[in-house]
Every structure is written in C-alpha cells, then in structure tokens.
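In the order they appear, the protein sequences are chains A and B.
Under this note's numbering, think of the first position of the first sequence as 83, with each following residue one higher.
Under this note's numbering, think of the first position of the second sequence as 83, with each following residue one higher.
Hints listed in this document are in silico derivations from the structure and should not be mistaken for laboratory results.
Certain hints may be false.
For identical chains, the list gives no copy identity; a pair is met inside one copy or between any two copies.
Once the Cα atoms are required to be at most 20 Å apart in a straight line, the calculated EDC-like pairs of lysine to aspartate or glutamate come out as [said to hold, decoys possible]:
hint, residue 1, residue 2
1, K319, E389
2, K349, D499
3, K246, E269
4, K349, E211
5, K349, D427
Chain by chain, the residues:
Protein chains: 2
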Amino acid sequence: MLDKQLAVALTDALASADMERVATLTADVNIPDLADFIAEIVLPGEEVDVLLTQTIERRAEVFGYLPLSLQEAIAPMMTAGQLSELVTHMPSDERADLFNVLDEVRKQQLFQRLAWEEREDIRRLASYEDGSAGAIMSSDYVWANVGMTVGEALDVIRRTAPDKETIYQVYVLDHTHQLMGVVSLRELIVAAGNVLVDDLMTTDIVSAFVNEEQREVARLISRYDLLALPIVDAAGKLVGIVTYDDAMDVQEAETTDDIHRGANISKLEVNFSDAKPLDLYRSRVHWLVILVFANIFTGAGIAYFEETIAAHIALLFFMPLLVASAGNAGSQSATLMVRGMATGDVTARDWGKLISKEIFVATALGLTMALAVMAVGYFRAGPDIALVVSLTMIIVVMVGSLIGMGLPLLLNKLNFDPATASTPLITTIADVSGVLIYFGIATVMLGLG
Amino acid sequence: MLDKQLAVALTDALASADMERVATLTADVNIPDLADFIAEIVLPGEEVDVLLTQTIERRAEVFGYLPLSLQEAIAPMMTAGQLSELVTHMPSDERADLFNVLDEVRKQQLFQRLAWEEREDIRRLASYEDGSAGAIMSSDYVWANVGMTVGEALDVIRRTAPDKETIYQVYVLDHTHQLMGVVSLRELIVAAGNVLVDDLMTTDIVSAFVNEEQREVARLISRYDLLALPIVDAAGKLVGIVTYDDAMDVQEAETTDDIHRGANISKLEVNFSDAKPLDLYRSRVHWLVILVFANIFTGAGIAYFEETIAAHIALLFFMPLLVASAGNAGSQSATLMVRGMATGDVTARDWGKLISKEIFVATALGLTMALAVMAVGYFRAGPDIALVVSLTMIIVVMVGSLIGMGLPLLLNKLNFDPATASTPLITTIADVSGVLIYFGIATVMLGLG
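When you get a sec, could you build the whole thing from the sequences and use the hints?
If you want it as structure tokens, here you go:
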C-alpha cells in the first residue's frame, strides 16, 4: 500500500505528464506497491508511461506483479522493441505465463527478437499443464558441476547471479544435467575455497517431477522448510525450480479454493472482485440446482408421512432444526476429516481410532442438543412431542456425524478426492435421513392419526 | 515420510537396542522425516535414545520439529546436562516455545546452566502474547553496522553464520540498534569488497511491530516475497525476525481455522487426530446449541402460519428446500466476501460495485432455481403451489444473498472481525426469513384455509 501523500503526488505528476517527477517519486517504492498503483490507473496508456520511467530491471519486476489480465491489456500498447526488452528481463516462469495470454501476431513478433535459447525456454515452460509443478517453475536456477571447488562455485554464482531467481540454493549436476546434490550458499560461504562441492552437498535431495501437483509442491516446500524445490524430468535431469514465494501464492490460492468449496462454490479463476457476473453465476449455480433435485427425495419423505404430520402439526416446528442439526453435525465432522487428510494429519492408520472417538463425541453432542431441544419442545408442544424431538435429535446428530466422517473415508478409498463432493453430498444425505428418522420415530411413538 | 524398508530396519535396530546401527541408518535422513519417526515411537524413553544417536546440531533440529506436547513429554527423560546442551543449540524461537511448557523445577535447573544472554533472550521471547509476531520471531538474525564495507559485513556473516536462522538478509543497524536498512547476501556477494553497505542497502524497509498479528506478518512476507520480515519495537529498534518458513506454517494453521470456521467449528489448539474428545466436543457444541435456540424463531414462524399449512400440506414438501436455498445462497456470498476481505482483494472502495454485481448474480441464480423448482413443484403439487414455490425461490435467494453480502460489510464497519460470526448468523437469519417469506406468500396467494 502506497503512502497516501505519495499516491496523491504521483497522481498529480501523472496528470500533468511530468514523467521526470514520476520517476523521482517512484524510485524507492516497493515493487508490489508500485504494481498496485499501476493496476489502479484509469486512463489506458498511462500504465506504459509509468513503467517506462523505471529501470529495465524494476520495470520487468513490476510488470510481473501485475495481474495477468492487465499484462495482456498493456502488452499491445508497447512497441515490439519495448516488449521484447521487457520480456527478456522477466523471470522465466512469469515470461511463460505472459506468452500464454498473448495473441499470435505478438507472439511471433516477439519470438523473432528473442535468442534461440530464450525461445526454447518459453516454449518448454508454456507447454506444462495448468496446476502442475512445470507451470510455475523457473529455469533461472544456479548450478555447479560435480568436481568443482567452493571457490569455483562461488565464481559461477557471482557471474550468473543477476539473471537468477535465487542464488541461495546451488544445484550440483553431472555432465548429463542429472541432479546429483544440493548445496546452500550459506555452506559455500563458510567453507574454505579449496574444498570440493561434492563434499559439502546433500545427496538426500527433496525434489518433485514436472507433472507433480502444485499443492504437493507447496506442501514439500513447507514441510522441509526449503527455499526452492528442484523439479526434475522422468530421467532425473534438473529442469527447473519452484521457489518458496511461489509456493506461498499456491497455498493462498488453494486456501481460497478450499474455503469456497466449503460453501459449495466452484473454482473461480480470478479474484472475487475481478470476477465477471457470469463467472460468479456459474461458480454458484451448480450446487444450488443440485439441491433442488435432491429435494425431490426430502419432499417424498415428507409426503410419505403426510398423515402423521396432519395429525400432529406441531411436529413441523422442529423439522427445520432437526434437519439443520443433522446437516451441521455432518458438515462439521466432514470438514475436520477432509482438512485433516489434506494436511496429512489424518492417515489411514488412524481411522479406527478416529471413528470410535467420533462416536463418543457425537453421542455427547447429541445428548446436549437433546436436552436443549427438550426444554424448548416441552413449552412449545408438550411432553409427547418433546420426547420425540429429543430422541430424534440424538439419533440424527449421530447419523449425521457418522455420514460426515465416513463419506470422505469412502471417497478416499475409491480414489476420489474427498474434498470435491463431500459437503453438499453430506448435507443432502443428512437432510433426507433427518426427515425420515424424525417422522418415522413420531409415527411409531405417537401412533397414526 | 521415511522409506518403508528403512523404517523397518530402524525399528529392528531399535528393538535390539543396537544404537550404533540406528546412528548409521539415520545419518542421512531428512530432519522432518526423522522427527516423524520419533513421534511414532511407542516405548517411552526410546525417543531420547534415538535423539542421542544424532550430532548435537541435528538433535536440536529434530527436537524442534517434534510436536510441542511430545517435547514436553520427552524433556523430563533427559538429564539436566543433556537438556541444557540441547536447548543451547535450538533456534531461539523454538527454545522459547519449549520453555513455555516446561515445569518450574526444570525451568530453574535449565536457567542456572545457561549463559546470562541466553536466559534474557528466552525470558523476552517467552513473554510475547500468543498469536503475535513476537511469539514466533527469532533473535538469531545477522546484522551489520552502518558504515561497514561489504568485505567487513561478509566477514561478520561468515563468523556468525552457524548460530543464525538465516544469513541471506542482513540488517543494518546504527549504534542504538535502530534498523536503518536491509541488504541481501546476494547484493553483498556480487558487490566489490570496498563498497559501503550503506550504499547498497534498501532503506524502504517492510517491517512489523512485535505485537502485530501473525496473520498480517504472513501476509506481508507473502506480498513482498520476503525471506524474513524484521520485527521492531515501538522505538524502531530491531528485536527479531520472522522467516518465510514460519510464515508458511502460520498460513497453514490459519487456513485450517478458516475452513473449520466455515463449518462452525471453534478453534482447535491441536491437530484433529491429536485432539481429545472433550476438546472436539467443546469446539463443536457451541454453534449447534445456538442453532437450537435460534430455532425458537423459525418454530414461531411456522406456528404463526399453522392454518395455511394445514390447508395446503403439500407446501411442506418444499420447505426444507426453500430454507436451505436461502441459507446456501447466503453462505456462498458471505464466503466470497469474507475471503475477499481477508486476502485484501475486496476493499471498502469496491463495495458499491460488488453489491450491484451481487444483485445481478442473485437475480440470475434465483431465476434459474425458480425454473428448476417450478418443474418439480408442478408434478408434485400442481400449478398453484408450483407458482408460490418458484416465486418464493426468487425472493429467498435474493434476500439470502444480500444478507450474506451485507452482514460481513456491516460487521466490518462496526469493527468486528467479519469472519467470526458470519456463517452461522447468516444461516439462522436466512432460515427465519425463508420460512416467513414462504408461508407469507402462500397465505396471500392461496388464501387462508
């Protein structure tokens, strides 16, 4: 967030097209803050003006921080020369992302101006599937050869540092580019110059394949406290690295997805505030409509017990509560399970233990709620119905909890992602069960008519 | 995760008390994997045996990776000498955490064996509030003095590196320990040895105060792609750093909290699989019981319309659906809002725009669902009720969505955390509104009795 005073001064300078003043004002601004300022510019074209006031290194960094949709909009406003200079200075992973959104004409123009090596790099990085390690990895890593001394490795690092994403992890490769070890700059710095890199490096390497899921890449980086995770191809050759900051972005995006999924919202490709109404509609309509059709079963359940209801209309006062309680208890235990499975906290080994714990907890919850509803029921509908309602409460909370716990386990056993379908499915099953159990018990205990 | 074969060999060696073999087998194992292995050990005391096979540096690291509850259980099994050696080698932040869980006797024993400086450090770090930056920061940072040359700074780094959490960010301090600038090891490495650190350092520093919330610290680290965030006291003096890996742990824990909150589960201090039944009960019972009492209003709503319902019992078939639809639409838009506000994507400036977009989306959703339910309603209950149900659907989806969007905004305006109360409150309000709107429309359109 830009300092308010600075933002005003900057807007003024921009309005009077005083680009020298813009350059002075922005020289020390943090990259993400400057990117935010540019993203807020209303007049098309001024984004480019501001970018051009920056050194080419800063310009490339700021550009990389802009939302991809804005990069796409700004790129055509630059000359082919400006764009290729910018692209040459961007980190390889951001460059590949930009290429994926450029139109064919621009792409060809750019390709002609880039060196062969850079072209190949872009083609390769742009070809990996969305959501895979390959799609976020960078090929700007520092590597040393097996057999080098620490002094030689430090020379390589000093020489190549300006183009690299990080220089704090050095990858040791053999002549076929096979990843043999990893050594940190920290270890190199404190070691004597004539020591062999081979004697310092760790050979127990944590790495991932190019087609690994990004969520798993982020998990590995977080678990092993890595600065960067080396990405290898099927032959074990190093093809790129994913840095911790990209992993943090993945974690944040996954969190948003997880939280949305808990409210039955499908994946949104963009931010909520940037999302088009149509995309928002699509992301939400899916489960809402499924709910309508799932209701056919609940409706049928109610219809089946029509006589009981007509005879004891006070039963209705508690129907929304009992149905909601079953669904709530179910979604609580499903959420605990699914999140536990996602963080690796819950493993197959634990299931027996967890299920017995859940039965205990659900019984306690059911009893507590039964007591609460007994009091409400007694005053509103008399002792008979209060008894029916509280007995039902115990059973629906237990059934809901067990469905909530069991379904993710079942989905997992069947090799489905337990997170995808759980909550809405569980709520629907719990709804139907709730209605059937409630009026079933009422029919038996109160008698027909 | 340890290789299966290795795990078996290790268990065998441990069973036959062959500690030399344990030492050989574990020498190259990754720290987190070894910690996991130790955490799974069943026989008390064997944890210490395995730890003692490691070098003191690795031992301290592995120990720091163990869950705090296990650290607490293992500590008394070590001699006072073993424990103080271990504690001396732990990173300062983990050391402070351990101290917080030790009993008084152990604490005093340890304090006597530690150097004055270490004692003061522990006392200071252990005194910060849970959830604050101070509670996760480390005092093992590298600093240089204003006026040093690059060569001098590199010498300091080399000399102090072994005890530091990270050496990749160097903090430049004046003689009062005031934070004047930050320079990266990368910049130092590529610069000439006689350049002044002052000429290289960034003075536009991103930092946080000791009492800042951890969530905000993680956000800053992620936004500015920092390796470590400097933490300063009210006077601007550097007191510690929070590293990116701690920020990733915070992010993960916050995600779990957010997701649990979405399912109305209160904060759990430990993992789901480690949680005691009583804690699980406590974390879940809260909202379930509130639900029971909120139901008094829904029940009263139904009671008010008893006559209408008795005359048109088919209306009941759709009650669970309409109530659920209002609640679902509401929790969808609340989730989008709350998450957008948490990630900083939605700001006060956007509200007008967002509300008009939401009205549009909600209308479209309501119309779609009305069409779906019209079909179901026609076949199950005839044209009159189908009309009532589909009209109700449009209105409840809109009302639900607007409550879901408006309530977080309102809570935010009133300076409450919008995430805390939203979902259950919204579901409850949507439930009551759903019932009232439904039977209200039915009474008007179908006539009384």
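Checked hints:
no. : hint        : in the structure
1   : K319 / E389 : neither (72 Å within a copy, 76 Å between copies)
2   : K349 / D499 : within (15 Å within a copy, 25 Å between copies)
3   : K246 / E269 : both (19 Å within a copy, 12 Å between copies)
4   : K349 / E211 : within (17 Å within a copy, 37 Å between copies)
5   : K349 / D427 : between (25 Å within a copy, 16 Å between copies)
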